[in-house]
Structures are given as C-alpha cells and as structure tokens.
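Colleague: Add chain X to chain B, keeping to what the hints say.
2 protein chains.
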Amino acid sequence: MDLEALKKDLKGHEIEDNPQIVKQKSRDFFWYSPVLKRQLDDVTGDLVATPSSEDDILRIVKACYDHDVPITTRGAGTGNYGQAMPLAGGLVLNLAKLNKVLEIKPGSVRAQAGAIMAAIDEETRATGQELRMHPSTYRTATIGGFIAGGSGGVGSINWGGLRDFGNIISLRVVTMEEEPRVLRLTGADLHKVSHAYGTNGIITEVEVPLTATYDWVDVLVTFDGFIDAVRYADELGNQDGILTKEIAPVAAPVPYDYFLRHQKYLKKSQSVCLVMVAPFAMDAFIAFTERFGKGSVAFRSDTATEEEMKGLPPVFELAWNHTTLRGLRVDPTITYLQVLYPFPDHVEKVARLTRQFGDEVPGHLEFVRFDGKITCFGLPIVRYTSEDRLEEIIRIHEENGCPIFNPHRYTLEEGGMKQTDAVQLAFKRQADPKGLLNPGKMIAFEDPDFDFKSDKTFLFPGLAR
Amino acid sequence: MDLEALKKDLKGHEIEDNPQIVKQKSRDFFWYSPVLKRQLDDVTGDLVATPSSEDDILRIVKACYDHDVPITTRGAGTGNYGQAMPLAGGLVLNLAKLNKVLEIKPGSVRAQAGAIMAAIDEETRATGQELRMHPSTYRTATIGGFIAGGSGGVGSINWGGLRDFGNIISLRVVTMEEEPRVLRLTGADLHKVSHAYGTNGIITEVEVPLTATYDWVDVLVTFDGFIDAVRYADELGNQDGILTKEIAPVAAPVPYDYFLRHQKYLKKSQSVCLVMVAPFAMDAFIAFTERFGKGSVAFRSDTATEEEMKGLPPVFELAWNHTTLRGLRVDPTITYLQVLYPFPDHVEKVARLTRQFGDEVPGHLEFVRFDGKITCFGLPIVRYTSEDRLEEIIRIHEENGCPIFNPHRYTLEEGGMKQTDAVQLAFKRQADPKGLLNPGKMIAFEDPDFDFKSDKTFLFPGLAR
Numbered sequence: 002m003d004l005e006a007l008k009k010d011l012k013g014h015e016i017e018d019n020p021q022i023v024k025q026k027s028r029d030f031f032w033y034s035p036v037l038k039r040q041l042d043d044v045t046g047d048l049v050a051t052p053s054s055e056d057d058i059l060r061i062v063k064a065c066y067d068h069d070v071p072i073t074t075r076g077a078g079t080g081n082y083g084q085a086m087p088l089a090g091g092l093v094l095n096l097a098k099l100n101k102v103l104e105i106k107p108g109s110v111r112a113q114a115g116a117i118m119a120a121i122d123e124e125t126r127a128t129g130q131e132l133r134m135h136p137s138t139y140r141t142a143t144i145g146g147f148i149a150g151g152s153g154g155v156g157s158i159n160w161g162g163l164r165d166f167g168n169i170i171s172l173r174v175v176t177m178e179e180e181p182r183v184l185r186l187t188g189a190d191l192h193k194v195s196h197a198y199g200t201n202g203i204i205t206e207v208e209v210p211l212t213a214t215y216d217w218v219d220v221l222v223t224f225d226g227f228i229d230a231v232r233y234a235d236e237l238g239n240q241d242g243i244l245t246k247e248i249a250p251v252a253a254p255v256p257y258d259y260f261l262r263h264q265k266y267l268k269k270s271q272s273v274c275l276v277m278v279a280p281f282a283m284d285a286f287i288a289f290t291e292r293f294g295k296g297s298v299a300f301r302s303d304t305a306t307e308e309e310m311k312g313l314p315p316v317f318e319l320a321w322n323h324t325t326l327r328g329l330r331v332d333p334t335i336t337y338l339q340v341l342y343p344f345p346d347h348v349e350k351v352a353r354l355t356r357q358f359g360d361e362v363p364g365h366l367e368f369v370r371f372d373g374k375i376t377c378f379g380l381p382i383v384r385y386t387s388e389d390r391l392e393e394i395i396r397i398h399e400e401n402g403c404p405i406f407n408p409h410r411y412t413l414e415e416g417g418m419k420q421t422d423a424v425q426l427a428f429k430r431q432a433d434p435k436g437l438l439n440p441g442k443m444i445a446f447e448d449p450d451f452d453f454k455s456d457k458t459f460l461f462p463g464l465a466r
Numbered sequence: 002m003d004l005e006a007l008k009k010d011l012k013g014h015e016i017e018d019n020p021q022i023v024k025q026k027s028r029d030f031f032w033y034s035p036v037l038k039r040q041l042d043d044v045t046g047d048l049v050a051t052p053s054s055e056d057d058i059l060r061i062v063k064a065c066y067d068h069d070v071p072i073t074t075r076g077a078g079t080g081n082y083g084q085a086m087p088l089a090g091g092l093v094l095n096l097a098k099l100n101k102v103l104e105i106k107p108g109s110v111r112a113q114a115g116a117i118m119a120a121i122d123e124e125t126r127a128t129g130q131e132l133r134m135h136p137s138t139y140r141t142a143t144i145g146g147f148i149a150g151g152s153g154g155v156g157s158i159n160w161g162g163l164r165d166f167g168n169i170i171s172l173r174v175v176t177m178e179e180e181p182r183v184l185r186l187t188g189a190d191l192h193k194v195s196h197a198y199g200t201n202g203i204i205t206e207v208e209v210p211l212t213a214t215y216d217w218v219d220v221l222v223t224f225d226g227f228i229d230a231v232r233y234a235d236e237l238g239n240q241d242g243i244l245t246k247e248i249a250p251v252a253a254p255v256p257y258d259y260f261l262r263h264q265k266y267l268k269k270s271q272s273v274c275l276v277m278v279a280p281f282a283m284d285a286f287i288a289f290t291e292r293f294g295k296g297s298v299a300f301r302s303d304t305a306t307e308e309e310m311k312g313l314p315p316v317f318e319l320a321w322n323h324t325t326l327r328g329l330r331v332d333p334t335i336t337y338l339q340v341l342y343p344f345p346d347h348v349e350k351v352a353r354l355t356r357q358f359g360d361e362v363p364g365h366l367e368f369v370r371f372d373g374k375i376t377c378f379g380l381p382i383v384r385y386t387s388e389d390r391l392e393e394i395i396r397i398h399e400e401n402g403c404p405i406f407n408p409h410r411y412t413l414e415e416g417g418m419k420q421t422d423a424v425q426l427a428f429k430r431q432a433d434p435k436g437l438l439n440p441g442k443m444i445a446f447e448d449p450d451f452d453f454k455s456d457k458t459f460l461f462p463g464l465a466r
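Top to bottom, those sequences are chains B and X. For the first sequence, the residue numbers in this note's numbering are 2 to 466. For the second sequence, the residue numbers in this note's numbering are 2 to 466.
Looking at chain B on its own, in the form it has when it is part of the complex (with noise of 0.2 Å):
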C-alpha cells in the first residue's frame, strides 16, 4: 500500500493520521475476550477517514482502491469480536458523520449507517414509532454497525434476528472496484452483506422495518432458583398477548454482584428475569406472574419515584452485552459465550449445563423468536481460567446439543456457523476483487483451503506483521 499518495489523494477529506488517535478508532469491545485481547490488543489503522456523504465515500474508495490501501469500516465500535479493528492496517473509515434519519414512513425509517439507534428513534417516536430491535449499546452504536456486525437484542423476542426476511428492508452498499459502484439491495439479496463485518462492502444507507413506540416499564422479578426464572421467561415470552420487549434471566449472584444500581432490590441469593413491558399491559403482566407463582416483582419502573429512578440505568442496559460489561467492571477477569439452546428442549439444556458447571459458568440468558418459536441464546458468564479450560466449556456445550457462536474469534466463521457463506464469498469475489475490505476476518476468502472440521483456530497472517 501507499499511504503517502493516499494521503495526496484525499486532500481536503477530513484524514486524522495522530498514531494515538488513530488507535484508538482502530478498537472496539474485543477486549471482553480474553483471547482477542491477547491477539488484537497491538492491532491499528494507518490512518482514519471521516467522509461526510457517500460522494466522499466512493472518492476515498476509489484513492484506496488505486493505491491498494485496505479499508476497514467503523460505525461506533461497540461491536465484541474486532469487527471493525483493521487487522492489515490501512484505511479505518469512520461513518459517524453519515449520521443522517432520511424518510420516516409508517413502518420504515431510512437512515444513513452512522445514525446512532437511539438517535434514529428520538424522531420516529415522534411518528409513535420506533425500531424493532437494537443491542444494549443502543444508545451509543450505529444502525450500520448494527446490521454489519449484529445480530439481533432487544426486541427479538418479537422479531426474531436481523439474519430473518423482513427485518431489514434495504441497503445501500459501495463496493471496492476499479470504478466504485453504489448498489441498492433488497430481499433476499440482503443477505450478501448483512452480518457480514463490511468484508464486501461499505453499507451507507439502511432501511429497516418500524413497530409501535411505548413507554416500556422495566421490571426485575426476582426467583430463589435459577431455573424457576427460566422458566418463567420461557412461559411469558409464550404469552401471545402480554407485548413484552426483552425478557432476560440471569443467575445468581450475577445480578447482586454485577447490577450495583440496582443492588438495593436484589439479595445475593436471587436469581432475576429481566422484562420490558407495555405500559398497557401491565395488569395481564402482574396476573400472569402470581398465577406463575414463584417470582416477586422486586422493581418495577412504572411506580418508582422520580427519586428512585435517577441513576438507574434502564434494564436493556443490564441485558445482551451489558450484562458482561457491568461485570467485566466489578471483576475484569471474567469472560462470557454465546450459546443457542435449540427449541424445543432448551429449558431442560440450561438445566442440564447449569447443573453440570454451576458458579463456573452463571446463566445469562436472552429469550428471542427463533424461526417462529421461543427459546433462548445464551450469554452466560465465564470465570476465566485458561484458554484451554475455556476450550473445554465451549466443547461441552456443543456435545450438550448447544451451538455456540464463538465470542473469542474474530473471524465470521469461527464467530458463526462455522462454515463458508458462499454467497457472501461470491459477492466479496465481485465487490472487492483485490481483498481490501476488512481483510481478515472472511476465512473463505482468505484461505479457500481452510478445513472448518479440524480444531485449528484461524490465524490471518497479517496479523503477525
């Protein structure tokens, strides 16, 4: 690559070559993982771009292309597997200026990727609408990001996953050929770059579905046994009329030790299920808690004095990501995974694991719509020892019948399915012919030979630089 006839290039591009500043751009939450912390942690970008129209983009793609220079897409870094962390230097596009909300229409927003989630609903609430589904960093990441890089969160219980037809409507996406094109994507088409880290291309605009906007209450109800919460949460998120947005248990002492705000509500001892709820169906949502019998509403928003609920943070913030965040905070050598306990014996999987790890590996779960049926991801909490052990966690799992979708890879691979997603490798052959789009991160791509059956981690090269 040639930096300095880039640079040349991109006179008048907002261009920030401060190596510390740079750095900086160049990380997101990988250090959650103790492993990508060991291998990302000396990783960064040449240079940032911060281009502030998609005119800008194909310009600085262009430059990039002609000078071989890679580029990795940043939205706000609040992804956990080095999504946005440029393995083989280079250019580190940040989108935070392309932070526009462009077409409010009943049941869509269209946006430009930088727009922060949060931001985006502050003008669609005023339609009563609001998003679907976003992660705990809603307030912080961007809708881009989000469809690079996530996966689903708050509201799946609802909608399901961003990998489901529907939940994205369409995207526009710059691709990294001799003469960059804009493309505007829309069915099934979606697929080739959602999820997909910004390995083909560089999503500017998005447009995704809108549902009802409320008022959520945030309520913690509390059990003396884990499973009891499981339970309760596999039997709400089974109640086709109470409208909930979140339902998350999470195992004791996780919730004492790791929710410090909360901590007055809770004893060490409890076990807790995190819900969201419509205001209006709060009555039906307290029936069909006695009627469940076993948990106490310890905390609930829509009753709390204005006095209580400052410095609360609200409970989507204790859920998905944040749960390991807080206890990352209290006990920073703690770590986490990422399991799917396949419906529809997943109730008696987490009874099974719980039992089998106990305090090693507390429960955290995250009852999602998966192909139409309620069940749960998890997102439980490891108290690391070694890699090795860590290993052996995650083996068990999938001998249990638990996928798990490896939070300590930084590879879409070994993050995911485990397998070559042909056709987002078709499309990155034509996209990006030269393979300057996030290199690293898309196995298929970078070593067609790869044998996704050995138990060989992938090592990108560039990384030994």
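Hints listed in this document are in silico derivations from the structure and should not be mistaken for laboratory results. Don't take every hint at face value.
As the list makes no split between identical chains, a pair holds if one copy fits it or if it spans any two.
Taking lysine to aspartate or glutamate and the DMTMM-like style, the derived pairs with C-alpha atoms no more than 25 Å apart in a straight line are [stated by the list, open to error]: (1) K106 to D303; (2) K265 to D225; (3) K98 to E447; (4) K265 to E309; (5) K419 to E393; (6) K106 to E124.
Modeller: Just chain X now, kept in the frame of chain B:
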C-alpha cells in the same frame, strides 16, 4: 315472568314489541348449522330494549329482575352458535346505541360495548393504531359481542386469542342482582365474563389493546396442492420478521367455487393461501415466497388497478367464518366445523384428515399463535348429508387428536372445552342469582349433574315451550 308489569316499569325507554322485529333481533348466524337451524329456528324474545346509556341498562336490569324476565344481550348478532338468541324468551337487550369510542391512548382504546369494530378502528387509525384482532364480520360486529362470544380472528397470527392474558385490558360489567352493580374487571378476573355469552353479566364497556395500523396488502397465493399451501402457510407464519395479519390456506375447489369476485384470478383446481401483509414487508414476503417455490402470487392489492379493486371484498372477508358464508350463498346445503390441529404435528394431522375425507370436507385453515407457537385452526367446509354423518366426522377428528369446537351446539360447554368452567359458574351464581341472563347457554348452571362424558347433547328445557 310478568311482561306487562315490566313494560309499565320501562316507560320512557326505547322498547320494541312488534313480533316480527323482535324475532329479527332475536337471531344470529345460527343457520350456518343445520342442527341449530332445526333447534332454534322458532326462538324469539318477547321484546327488545335499546338502551342509550349504562344507566338505562341498570334500570332495565332492575325491572327485569323484579319481574323475573330473562335478558339476552345482543351486539350485532353476528355470532354463529345462537349466542344471542333468547332461548327462554323475555327481553333482548340491544346494545347498538352504546357505540361510542370513549378514549384512545398509546396502545389501548376504551369503547362502549356496542361500538362496531371497524368504526373503532376508523377513530384509532388517526393515531396510527388499530385493534389487534377482529372477526371477519369486522364491518358489522360489535366489540362487546366479539368479547362475549368470539375467540380470535384476523390478527390472531400475531396475538393469539381473546382467552390470552393481555388481549383484553378491562371490562365494565352490570350484574343482574336485586341491586344491580357495575364492576370493573381486569387481569385474571376478565375470564369471569369473557366468552361467557352474556350469561353472567352485561358487558357495557371494553378496554382492549391496540397495535400499529398499516394499509395491509391483500394477497392470494395459489398452489396446485392443498398441503403445499398448508406448508407454505406454516413456514410463513414462522417467519419472525415478515409482518402479516392473516394467513389462511383454503383447499380447491372452494376458492374458485365460492370466492366469486376473485374467481378471475383462480382455477378450479387451485388451492389458495389468503394473506394480509404489511406494505413495507412486501419485498421480504415476495423473497420468501420465491424461496418456498411452489406458490404463485395470483393477486396482490398493492399493484392492482383501481378498476380491478372495485367490487373486490377485502381478503379478510374471504376468511374465518366468511369462507363458509360465501360457500352457503353458492350452496346452501354445506356446513362447517371448527377444529384445532395441535402443534407441533399440525401439518401432518391436516394431511391425514385431508386424505381421509377428500372433497367431503374441503380444508380451510386459519393459522394463529396458540400458546406461543404457530399452529392452525380449521374451519373446514362440510358437504352435509346428515346429523349422524356430521357426528361421525367430528368423532374421526377427535380420534386423530384434533379437538372439535362444535359449532352445532348452543351451549358454552359443548361448543368449547366440554367441561364446567368453575370460574364462570361461580361468577354466574353471584352476579345472576335468579339465572335470568341468557338462560340455557351454561349447562353447569342449568343442570349441574349433566355428564359431559356422555354422548348426550344438552337440551335446554325452555326450548320445548
């Protein structure tokens, strides 16, 4: 009962005693069933009262109580099981004038019981909202009648049924005691009077949840085989990201023979899946349909010309009980059944019964959420020959693990779970000690010794008069 004394007491109220008009207001859609037609054709009340307020109702109830006159409450009379028919004569309480929408909030509407559902939505739509579910008689049925005598409908694919916690928020109910009371029921108490046919209270006001409103797109997808249409419906229902409001496969030749306004889009050999899709989900819906492969989109309202749309009923008026209604207009000798095909082998059960009965029982399914899972109710057409054969068809369904909600019975129990509803019975004893509310409909009250396990059909003695 002392009708003359009652009339004196009700001076100043709107009372009708012209026998022809009273008989007309004493009927519902019971004639869907040849069995009910035989049993109930002569049923009539003695007079009709049309109150304009809850206070009117309280005075009418007090007077009827004093003079031992039964009250059968009536919405629009669109029920199919004789719910609103006064088996013991007396007063028909017509709630047509209690039709005001009282309050619209984010997520809920409060209306008088006699408000017509389509009229409620006309008002809520100004706030971007609509009712979660409605029967196919949406344009004539009242919200109170739906709650007292319905179970679900268009929208149940998302929200389940009225029996589910959360689909009714609160009800105001007038009791029939010496001093009539007005109660407000919420939470678990709602079950006391919902789907009780007005046997234990008079619903005067209803509060129900709302959801986001859209210009739903009507779609007809055709299939060469019925079971392909069923599989398609099942997979579509399990698509978490594609927002639909109605999914109903109907077996050939029913669509061609009975959906006369849509006949030009169909062939006699084609089975059809009726669908209502959110407009912003059409791309995803088409992508899904193409991936499924076996169906063809024969009609979609969003691309039809204005000329084409003229005279076409909305798709929901081809579905639920309107399928049978359209059939009866073409062939008055048919009737129908109501079947539950329990998850998870509902498709297989449909296939087995379809093979068994062939064109004697052409399939019509309504996909719904039921206890959190997508499954289907059946409202199959029955080419009726005799009551004995109808009973045999019912028996064969039950032997195959498919419970029948028998639409050829006028009692709550026989049309439903075939067992005493202890909560509704206890509430009737309290709220209607003289047994004057819609007599003959709750077996557990009329004949506590009735054996639900016997093969006998309950016969209300009052019908013999």
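Colleague: Look at each hint and say if it fits the structure.
Modeller: We went through each hint and held it up to the structure:
no. : hint         : verdict
1   : K106 to D303 : between (30 Å within a copy, 16 Å between copies)
2   : K265 to D225 : within (17 Å within a copy, 63 Å between copies)
3   : K98 to E447  : neither (31 Å within a copy, 73 Å between copies)
4   : K265 to E309 : within (11 Å within a copy, 64 Å between copies)
5   : K419 to E393 : within (17 Å within a copy, 53 Å between copies)
6   : K106 to E124 : both (12 Å within a copy, 20 Å between copies)
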